[in-house]
Amino acid sequence: MDNQEKQFRLNVTRRHFLTKAGLGFGSAALGSMLFKDQLFGSSEQSNLPLGVAQFAPKAKRIIYLFQNGAPSQLETFDYKPLLNKMHGEELPASIRMGQRLTGMTANQEKFPLVGSTFNFAQHGQSGAWVSELFPNMASVVDDLCIIKTIHTEAINHDPALTFFQTGAQQGNRPSMGAWMSYGLGSENSNLPSYCVLLSRGRGNGQGVYSKLWTNGFLDSLHQGVVFSSGEDPVLYLNNPSGQDRKSRRDMLDQLAQFNAESFSQFGDPEINARIQQYEMSYRMQSAVPELTDLSKESDSTIKLYGADCLVPGTYAANCLLARKLSESGVRFVQLYHQGWDTHGNLKNDMLMQAEDVDRASAGLIKDLKQRGLLDETLVIWGGEFGRTNYCQGKIDAVNYGRDHHPKCFSIWMAGGGIKPGVVYGETDEFGYNIVKDPVSVHDFHATVLHLMGINHEQLTYRHLGRRYRLTDIAGELVKGIIA
Amino acid sequence: MSKHLSIISNSLIVLQVFMIFLCFVDLSALPPLIAYIGKLHPLLLHLPITLLLLALPLYLIQNKYPENDVLKNIFSFYLSYTALAATLAALGGLLLASGEEYNANTLFWHKWMGVTTALIAHGLMYLQQARYNKVIWNTALFSGIVTMAIGSHFGGSLTHGEDFLSLDLQQEEEVSFPPLSNKTTVYDAAIHPVLQSKCITCHNSQKKKGGLDLSSFETGFKGGKTGAAWVSGDPDKSILVERMILNMDDKKHMPPKGKAQLSEQEIMLFTEWIKAGGDQKATVQSIPDSILLKNLVMSVRAASSTEKKAKTYDFKAADAKTIQSLNNPFRRILPLANNSPALSVKFYLKEQFSANALKECQSIREQVIEINLSGMPADDNIIPILNEFKNLEKLNLNGTAITGKNLSALKANKKLVQLSVAGTQVDSKSLASLSSLPSLKQVYLWNTKVGPEEAAKLNTSYASIKWDIGFIPDKAERLKLTAPYPVNRDKTILEPGEKIALKHPLPGVKIKYTLDGTAPDSVNGIFYSTPITPEKVTRVISMSVADGWLNSGTTDYTFFAKGIAPDSATLLTLPEPKYRKIGAAGLIDLSKGETGNLGLYWLGFRENQMKAGFHFSNAPMIKEVMLSIAQNTQSYVFPPTMIIIKGGSNSTDAKIIGTFKPTLPDKHLPNATLPFSIAVKEGNYKYIEIEAKNIQKLPKWHNGKGEKAWVFVDEVFFY
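Going line by line, the protein sequences match chains Z and L.
First residue of the first sequence: 1, per my numbering; consecutive thereafter.
First residue of the second sequence: 1, per my numbering; consecutive thereafter.
In short, the hints are calculated from the structure, not lab data.
The beta carbon of each residue, even a glycine, is placed where N, CA and C say it ideally should be.
Fair warning: there could be bad hints in the mix.
[What the hints assert, rightly or not] Restricting the straight-line Cα-Cα distance to at most 20 Å, the calculated cross-link-like pairs of lysine to aspartate or glutamate (EDC-like) are:
| id | chain 1 | residue 1 | chain 2 | residue 2 |
| --- | --- | --- | --- | --- |
| 1 | Z | 366 | L | 607 |
| 2 | L | 705 | L | 607 |
| 3 | Z | 366 | L | 468 |
[Said to hold, decoys possible] Stretch by stretch, here's where chain L covers chain Z in the computed footprint (C-beta under 8 Å, at least three residues):
| id | segment |
| --- | --- |
| 4 | 51-61 |
| 5 | 187-195 |
| 6 | 286-292 |
| 7 | 301-312 |
| 8 | 325-338 |
Only chain Z is shown next, with the shape it has when bound in the complex (with noise of 0.2 Å):
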């Protein structure tokens, strides 16, 4: 045996040594002894026992209908009536106080401020302001938890998709679902425990990328599934013509005993992970056309969420899909519907987009309370920031733009362990800087783990030298919305 090889033994034998360790010591708590069909950490990574929450959560699940390109808080849910009386007017520098601007404004002469074209009303018992794009999320305002107060550090998509979903801007942290995923494992093993649903508005659209739901350095088990938005939304989910189920079964069969064979000599961890992932599409091969066959909704349904619904990749056909797959035990549904970007021809853009997003979001407010599960699933809407209160290029009688503004936005919540009714944190006349009850990204993403049973503080993996968060080293829980 030369010493490389002798080398390379030596490290297979102390890796296996570290993986039996880490999961003997682990299944002593009750948790982590019903899990051990799952591959997670060994306990040395984390201060939980993972695989179940901590505490009794107040939402079992999440989806978050995150509306890509950052919409006009002004023009939906922070009704700021001085804009419209201002408009035209220059942007006083007392409120702008030297914040940062993208390169598309810098080197705008004026800042001319610019009031909503659409009215606001307010609605349901809260009395919540809803512009009049949004009839339907109107009428479900008294279930919705809005928070004004939003606010994030990037000033441009990427990194700031990149911080909502992972909670750094730089790209190489796992998502909040991989999060998830790691800290409460999967209720349904039939399905993966974090799906991705995509679809593309008529507005000026921004990208999305597979960053955004990475598994980090977490186990690739807890990464983002993106279902296709064509017909098959899970494709290569059929045999192959000529062979059945059953000879499937015996080919996985055998594979596994080829896979476990070379996994009791190399150790590599991913070995087990491929074969969860080979055993998961098997059951998958029955579980999805359960999910995805639009063929029987009920005209009740069809007329809740809209007629797009039947079509396959519309938002809101993956709003269905996401009650659908929520319903079955996946544990984060993220959906993303681009267009929102508005620098200009915004009002042509927010007629488009709020007519593909409004009635769907509702109709998943409404389709999840009608069946008892409104109480333990968590609904987020709500993009990466916000829009400037002045206008980007000229305003003229029937258009204008908005550039990109952090300091604050407005998304809202909804469901398991979330005050309905509620409109929480309040900005300023201008709708520029927020004046109570700041809400931080981090602050937002501790809140979410809470409510799913997580204290976001003891959620951590090591890697590189040191345990990471999702929080890292922020987060405050908002109690205020929290029922």
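Dock chain L against the given chain Z, drawing on the hints supplied.
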């Protein structure tokens, strides 16, 4: 007596004299460094406790062998150290007492018993050396231990509070707000409960940190060392508020860092209350609703009541092995949380379900609080199985095959809170039998036999339960249809003989389309019945129409017939770096880009004019060349000013065989993909070169006037 022992003995005498001296002098003005030594008291005090207690067994051993000198000597040393430890602990205690505020009475007893213990320990040392008679010795040892025990108890009461040892479990609970009556004062309704939950552990009648006792209105009003806790009507001058709003890192911030903090709402409550007088008289009822204070009282009370503690269960956890043996991919048993005995059971995959799968869970029936059978083919026969789960709180039967026949058997599930039967054949009669369930709060009835009138009746008859029938579509509301789309949306390049099929997912929808570039409407257009036979380029604009729905918008798809395929393609000029991913091959890969996404599947030219060569080894006959070009005038993407086609057998002998000058937009036009067809001199070519010139100076009307425009190409066809 050894030298060692005599040193200890002498130091003891000095220390004890000093100790007794300290008992009688006022220590309030000690230099801080000396006072700091007092902080060692908690560290030292456990030593004499242990040593003194162990003295008893050691004495018994020594007594058994009275002649053994070694044992005797050891015991002498032992006792001297016990006395030393007791004395040092007492000294520390005396110094510590000077720096902090404690309940004077308890402190008095603790001080004197501590000092006595030290004195007795010292006495024991002499008694043992002098071999006094056993009665005196025994009495001294016993009284030393008893004094020490009682003294320690007083000490514990000082630091942990008087009621630390009492077995009142209520103490652990969150502070409860008294119910509101028309006589409840603001102080009682909210101020006192908040003080109680956040301040009183340190500021009570016993502990009085900083001299402040907040356990009653009077003592609180009197304040502490720095003066009154609040000044009626003036929150700015009130120390109570000041301490709450100080920076967290400030030492004076209250409650101290690490303790439960006051919420912003609670701080505002104190501010407003003090502003309104800070008295004990104002009742909640006397304040008008419009006043902020009233609002704060109510919301602080509400916030606390909703932050309920997690429910605890008094049943035992199930055996982990039992749970593990029941767990499989089709029946998932999960604990509510780590270390919680409560379990939920959920079933997956219809074809794997049988009533037996549920029956097998009876070994954990005590622990199961949630069962989810949604979508499973479970029928009425499962209800009798379900009623054995006595602790069941949440039951989901959505979409199951139950008819409601056995539903009344669920009356045994006394703890049931939520029942979901959406999408089943359940009727209101069978449901009414459940109204006697004491805990039942919500029943979800969407899409069942229960109509709106029956639901209303249930809601009035059994008002403690929320009977929810969910969304009922408004028959009069007409929604907009979605537009139709090609069956194969991604394939807009057609094989010879392939037809264009359109579809709409909703049954009963008719599709109307045009092929001439005009928009279909109620007059214009043809109804779609069979797939459309395409031309070389076919533009299909279509819409959908159905009774009871509003017409859809239109969709616009352009289809291309697959032409003669070149063997290879070469880029003779480079596209811009961000828009060259697909390379030359992308122009002939039979995959079209999307109008709305120029970042993918397109080549974008700006600094260089597009120039590409195409090779055909078998020199086919070519008479037409077609370019698919993007138009997005807002983003500076225009058609080329000129397209030049060269042909020949290779790049050196190729000659111009056709040119084309597209019409350029003179205003902003909708985004589109435009096919430009160029007729070329018919012939057999091995090589064809295409050049497309972009606008070098954008016209005046455009916001980028004077700048270069882009040319975007995604595919090239040869016919």
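Tested hints:
Pair hint residue 366 of chain Z plus residue 607 of chain L does not hold up; C-alpha atoms about 53 Å apart against a cutoff of 20 Å. At most 20 Å may separate the alpha-carbon atoms for a hinted pair to count; residue 705 of chain L and residue 607 of chain L meet this at roughly 16 Å. For the proposed pair residue 366 of chain Z and residue 468 of chain L, the alpha carbon gap of about 11 Å is at most 20 Å, so the pair holds. For the segment 51-61 of chain Z, the stated coverage by chain L is satisfied: 6 residues place a CB nearer than 8 Å to a CB of that chain, which reaches the threshold of 3.
Remark: the segment 187-195 of chain Z is confirmed as covered by chain L, as 4 of its residues place a Cβ nearer than 8 Å to a Cβ of that chain, reaching the required three. For a cut-off of 8 Å, the count of residues in the segment 286-292 of chain Z with a CB near a CB of chain L stands at 3, and the three-residue condition holds. With 8 residues carrying a beta carbon less than 8 Å from a beta carbon of chain L, the segment 301-312 of chain Z meets the three-residue requirement, and the given coverage holds. Counting residues of the segment 325-338 of chain Z whose beta-carbon sits less than 8 Å from any beta-carbon of chain L gives 3, enough to reach three: the coverage restraint holds.
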